[in-house]
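Using the sequences provided together with the hints, build the complete structure.
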Amino acid sequence: MNYRNQPWPVTHAHAPASDKAYREGHENHHKTKISYREDKSQVTSILVTLLPEAEACTLSILHINQIAAHLKREFLPHLDLSDLQDRSESNPAVLSRALTALGIQALTGFTPQAAAACVIDGFSDNGIDGVAVDDAHERIVLVQTKWHHNGRKNLNQAEALKLRNGAEDLFAARFERFNPRLRALESDLNQALLNTQTKITIALVSTGSDQLGAEVIRPLEDFCDEINSDGEMIDLIVLGTRALHDFIVNGASSRGVDIDVHLTGWGSTDTPYRAYYGVANATQIAEWYEQHGERLFDGNLRDALGHTPVNDDLTATLWNEPEHFWYFNNGITVLAEEVRRSVRDSPNREYGRFSVTGATIVNGAQTAASVRSILRKEPERLGDAKIWVRIISLEGCPDGFGSRVTRATNTQNGVEARDFIALDPRQEMIRAQFRLQFNKTYGLRRSSEPITGDDGCEVDEAAIALACASADPDFAVDAKRQVSSLWSSSEDRVYQALFPENLNVVRMWNSVLVLRAIDERLTALRQEISGRDAGVAVHGNRLIAHLVFSRLSPDVLDDPDATAEGRFAVVGDLTKTMHDQLAAQVAEQHSGAFLGSLFKNHSKCRKLVEDVLAIQTGTFVPTPRVRPKAVDLRSSNARKADAVRVILDEGSLEDGTPLIFRPDTERERRDLLLWISKEPSRGRATWSNDRNSPLTWAVDGERYTPSGLVMRMMVQAGLNPPSGIRGTTRWEVQGKGTLSEIAQQIEAAQDEVVAIAIKWGFTVTKASNQSWFRLEHQDSGQTVYLSRQTKSRSVVVAPETPLDKMRSVVGLDVPAESDYFHDSGLDRFPKRLKSGKRLIHYGYAIKCTDHSAIDGLLRLLTQLATDRDTIEDPPAVHSSDLRIF
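Whatever position you read off the sequence shown (first residue = 1), add 177 for the numbering used here.
What the hints contain is simulated information worked out from the structure, not anything from laboratory work.
In this text the structure is predicted, and so the values were computed from the model without any measurement.
Be aware that one or more of the hints could be misleading.
[To be verified] Okay, the calculated beta carbon distance ranges per label pair:
hint, residue 1, residue 2, range
1, Gln368, Thr794, 34 to 42 Å
2, Pro677, Ser301, 51 to 59 Å
3, Pro801, His1028, 50 to 58 Å
Glycine residues also receive a C-beta, built at the ideal position from the N, C-alpha and C atoms.
In structure tokens:
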């Protein structure tokens, strides 16, 4: 899930409070955090003291009244109010529309008139109050708004569900379900949805709090998580009174952000301009991003949105070998208006603390985005990761120097993975054979004039063609998901599978020619069709190519005379046929899916391919799995999963559970315990089921990560914290052990259950949400879901499962045939209406009393799926042999 912070001090629902986040300028007003900067107005400075509840409420109403005055002045003259009987300035419906326009302006930079034209609120708005297509930043913004005169009401769950349903309709191009105001934007929306680079922002805008209840945010979180399961394409933000008021006061300021930087092994230079450099813990960089969002990379939010992609290679290194990240990464460059070193907290060159004002990361956005993506999934993995940081102060620099640094650090000829595979001897052999066979050029190194047409091809074009021509559709999905993964390293197994040492250059060149013919036909086809079908042609182009290759005669790609003999003449018509049949299957199976995400999902694309080919051939044949599997995240040499995530997924600790600090090193026992003894509350915290910041410190009431709180304690105690601390080994629940020990107990129980599944021939994968393991039988393809919560011991089976036979197994609580279980995580099961208009996946949830009951159930399912009367016990699987992909 991606909450994108704004250029104004805004606290998002469930957004993490980093160790330094809002450390200064926060006070409690009826449990609401308020942020401010020291250089603001006199009114804001009153917030330094704790205000009584009534006085704080009065200040909030004052801000709402100021927002209302701004709305009336800037937006009301431009709004379409023709459908309202009461068009007075005091009508909440009028102010709500104006507030929608303000939210759009804040997120896009549109003029008031242009923002007002994006308001679609009214009859048949399908739960969406405003829609903006921001072409300049390749982004669609969806807004839902709630106006209340005193800020006491906010969006509710019903409105969130309605917004989710409306977003699904919009992504599915079901424009007929919307009012004429939305239909006027249909052409722009279609073009944006066809753009493979388009991102989506869902904004909840209100005059209430910036914090929303879990029951409101969860449906939208689940929706975004489902879309983002194959790459971040959608984010969710909350703009309340504070954020809106600050935007009106300060505008989309181009000023950078203020951050604290902790560096080890730091150094500096003062000639000709001041700069500092050193090593920072990756968690620190990720938390900058969490606190400040895209503004960390560009002082103006609307100029930065959507320009920080997560790099899969960087993420893989962070996940699997974070201790090596410093060696493999170029680091980040920060420009700052002012840099001040804390003398007290920087006693030597081993450790330094710097206050950086007006900071902007001008080089290293992908690094920051990648570490932030890990922070949100398993923050403990960042404990050993370090990043080289360079901070350049612009004090005393000539005008334009910052722009020159930005331009220079981003336009140097970077070395890409493609440049390294050019050194692979097999590529040189391919180039030589290509020249001998066809007298054509095979381009290995990047050039300003790439090789096209009859002259030959580039290595990247050849890789995409070979990926689509493979019998395994996973390669084609890789080509769509992140094409550079096809040639990430000459030692990578995916690369070696595409470019084996005995590669047939005839087959490679013919694959390129076929792919070009497919792309040419799809380009023409997009001029003939529109809407969802056009989206399939754009987003599904690589899968269509795979389908076309699958239907060509087996020997055609190996024929050196295939072009001369006209054997590729069928490609155009075959492309049209495959597109139409794929579009039909998408409409049937994924009518509400966001196409940009759908065609990056390996399992869903595999099923689509198998279903289309079954229609073509009249026989269902499973597609082969020859693509090397991804790195095993649960193998013996992989790092342990984040303890916090494991505990949260299991639900084993209740909110408010007390924790006590237990030192883990001699230094902590000597120095930190002495500091804690002077004020015992320093060593106490309470647990909350917050995925990002689960600990609340008894001293200040702020939320922290376990590691972040230990580092905060060390800084306050006057100690220099090391660059990586495993906080989960230091916080203990009495009678249960440390957080790490609790997580290990949970994982051990999970491993026992998973071992049973593997014993019966099931491959264990992660489902689309955190609640389930997906079990797929290797022989039959049968799918069941196993609860990740070991205390529930639930197995969910498909709706067609014969429940009467399940009741023969001892220890099972089998539901009635009408007692369906619904969950969005059952992503391989069919959907039905549970309530309202939204379809949801369903099956039967069978509760198992113990591991023996799970064993008996999976044994029976295997027996039924393989049509065997009896089945012998296979060898037991030990937890050390587990492989979960």
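Hints, verified against the model:
1. Gln368 <-> Thr794: 34 to 42 Å: holds (36 Å)
2. Pro677 <-> Ser301: 51 to 59 Å: holds (57 Å)
3. Pro801 <-> His1028: 50 to 58 Å: violated (34 Å)
Comparing the model with each numbered hint stated earlier shows that hint 3 is the single one that does not hold.
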